[in-house]
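Generate the whole structure from the sequences, applying the supplied hints.
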Amino acid sequence: DWQQLPADHPRILLAHGGGYLPAYSGRIDHVWGAREDGRVNIDKEPTSYLKKMWLDTVVFKPHQLKYLIEQYGTDKIVMGTDYPYDMGDYNPVELVDLVDTLDGSEKAAIWGGNAKSLLKMED
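The sequence shown begins at 1 in the working numbering and counts up one residue at a time.
Keep in mind the hints are simulated off the structure, nothing from the lab.
Where is the CB? At the ideal position from N, CA and C, for every residue including glycine.
Honestly, I wouldn't trust all of these hints.
[To be verified] Derived lysine-lysine pairs resembling DSS-like cross-links, with alpha carbons at most 25 Å apart: (1) 120 x 51; (2) 51 x 116; (3) 66 x 116; (4) 61 x 44; (5) 51 x 61; (6) 107 x 120; (7) 52 x 120; (8) 66 x 52; (9) 66 x 107; (10) 61 x 120; (11) 52 x 116; (12) 107 x 51; (13) 52 x 107.
[Said to hold, decoys possible] Distance windows between CB atoms, simulated: (14) 90 x 31: 31 to 39 Å; (15) 108 x 11: 16 to 24 Å; (16) 31 x 97: 31 to 39 Å; (17) 13 x 122: 37 to 45 Å; (18) 38 x 94: 23 to 31 Å.
Here it is in structure tokens:
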């Protein structure tokens, strides 16, 4: 059952910064609490599963990336490019660099360290 997927496989990478889900988190948690069919096969609020997933940086604007970092943590964000699509971010490294709240080690984690962790790679 696909509804059990987040509980069974929490190492999921959501493209495009998770799409609408991070911005919709209040509503999905509300549905979980308000409707019985919103709780089928999941024991916790949907955002508790979302916080275990990984998000990429393909959000195109520094304020959106900053929001994802504030909500889900630096350690769950991995570099994305949207390559080879012509709408892709042509300077994805700069997007991370433009988030003024990140220090050097956090930027390095997003630029590659977090992907190593996600993929269980050694240095």
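Verification of the supplied hints:
1. 120 x 51: holds (18 Å)
2. 51 x 116: Judged against 25 Å, a Cα distance of about 18 Å means the pair holds.
3. 66 x 116: holds (21 Å)
4. 61 x 44: Distance of about 31 Å is beyond 25 Å: violated.
5. 51 x 61: holds (21 Å)
6. 107 x 120: Holds, at roughly 19 Å.
7. 52 x 120: holds (15 Å)
8. 66 x 52: It holds: about 18 Å lies between the C-alpha atoms, which stays within 25 Å.
9. 66 x 107: holds (12 Å)
10. 61 x 120: With Cα atoms ~29 Å apart, residue 61 and residue 120 exceed 25 Å; violated.
11. 52 x 116: Distance ~16 Å between residue 52 and residue 116 Cα, so the pair holds.
12. 107 x 51: Cα-Cα ~19 Å, so holds.
13. 52 x 107: holds (20 Å)
14. 90 x 31: 31 to 39 Å: At roughly 38 Å between Cβ atoms, residue 31 and residue 90 fall inside 31 to 39 Å, so the hint holds.
15. 108 x 11: 16 to 24 Å: Since residue 108 and residue 11 have Cβ atoms about 21 Å apart, the given range 16 to 24 Å holds.
16. 31 x 97: 31 to 39 Å: For residue 97 against residue 31, whose Cβ atoms are near 37 Å apart, the range 31 to 39 Å holds.
17. 13 x 122: 37 to 45 Å: violated (19 Å)
18. 38 x 94: 23 to 31 Å: The hinted range 23 to 31 Å is violated for residue 38 and residue 94, with Cβ atoms some 40 Å apart.
The structure fails hints 4, 10, 17, 18 (numbered hints given earlier, in ascending order).
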